[in-house]
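Positions in the sequence shown are counted from 1; adding 675 to them yields this note's numbering.
Everything labelled a hint here was simulated from the structure, so no lab data went into it.
Fair warning: there could be bad hints in the mix.
[Stated by the list, open to error] Pair by pair, the computed Cβ-Cβ distance ranges are: (1) W752 <-> Y827: 12 to 22 Å; (2) A727 <-> I843: 17 to 27 Å; (3) D820 <-> A727: 11 to 21 Å.
In this text the structure is predicted, and so the values were computed from the model without any measurement.
Ideal Cβ placement from N, Cα and C applies to all residues, glycine included.
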Amino acid sequence: MIKTWWSKALLLALAAALMSACGASRDEPFNPAEPEEEDPDPVAMEFWFDGAYPFDTLDGEARRVYVVRDLEEYWEWYDTYFIDDNSAVGDPNFETGQIVVVDGGLIDECNDHVALQSGWTAEQTSDDVVTVELIYQFVDAVSCDDNEESLYRPFTFLYVNTRDPVIIRERLN
676 MIKTWWSKAL LLALAAALMS ACGASRDEPF NPAEPEEEDP DPVAMEFWFD
726 GAYPFDTLDG EARRVYVVRD LEEYWEWYDT YFIDDNSAVG DPNFETGQIV
776 VVDGGLIDEC NDHVALQSGW TAEQTSDDVV TVELIYQFVD AVSCDDNEES
826 LYRPFTFLYV NTRDPVIIRE RLN
């Protein structure tokens, strides 16, 4: 009985010594479920063109964002926003990129509203997804006369230099 107790104690002590020598105690706990965070890679993004039209040119009042992935669809959107203007800025290269159309919605400048800033970014957030961040600012109302027309619909076309799927993230600055 003493031999069995002695051999169990020796085996337990040997296991404890091996575990402490193999790094069983760590300053920082090991958690394989937490991936290492890497800074996302920036993706080239450029202003294509913008404008503002009277409120009655498009249906709906809400702000909208669209991703245009081919030339035919691009010209449909171009014709939607430039109903009286055919001065195209050129064809975007849809083999290497795509267009993000930001429709600011119906805005009455006599009331407080939000508007797209000239700040936007695009980042490769995973192997096959790009996140485009659109930054808006709060704009105070201007004083208007009763007869003054204050409704308009701003829009911006942005070129994103990637064919990967795009996720749109919007934030108020």
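We went through each hint and held it up to the structure:
For W752 paired with Y827, a C-beta distance near 18 Å keeps the hint of 12 to 22 Å intact. Here the CB-CB span from A727 to I843 is close to 21 Å, well matched to the stated 17 to 27 Å. Taken as a hint, the range 11 to 21 Å holds for the pair D820 and A727, whose Cβ atoms sit roughly 20 Å apart.
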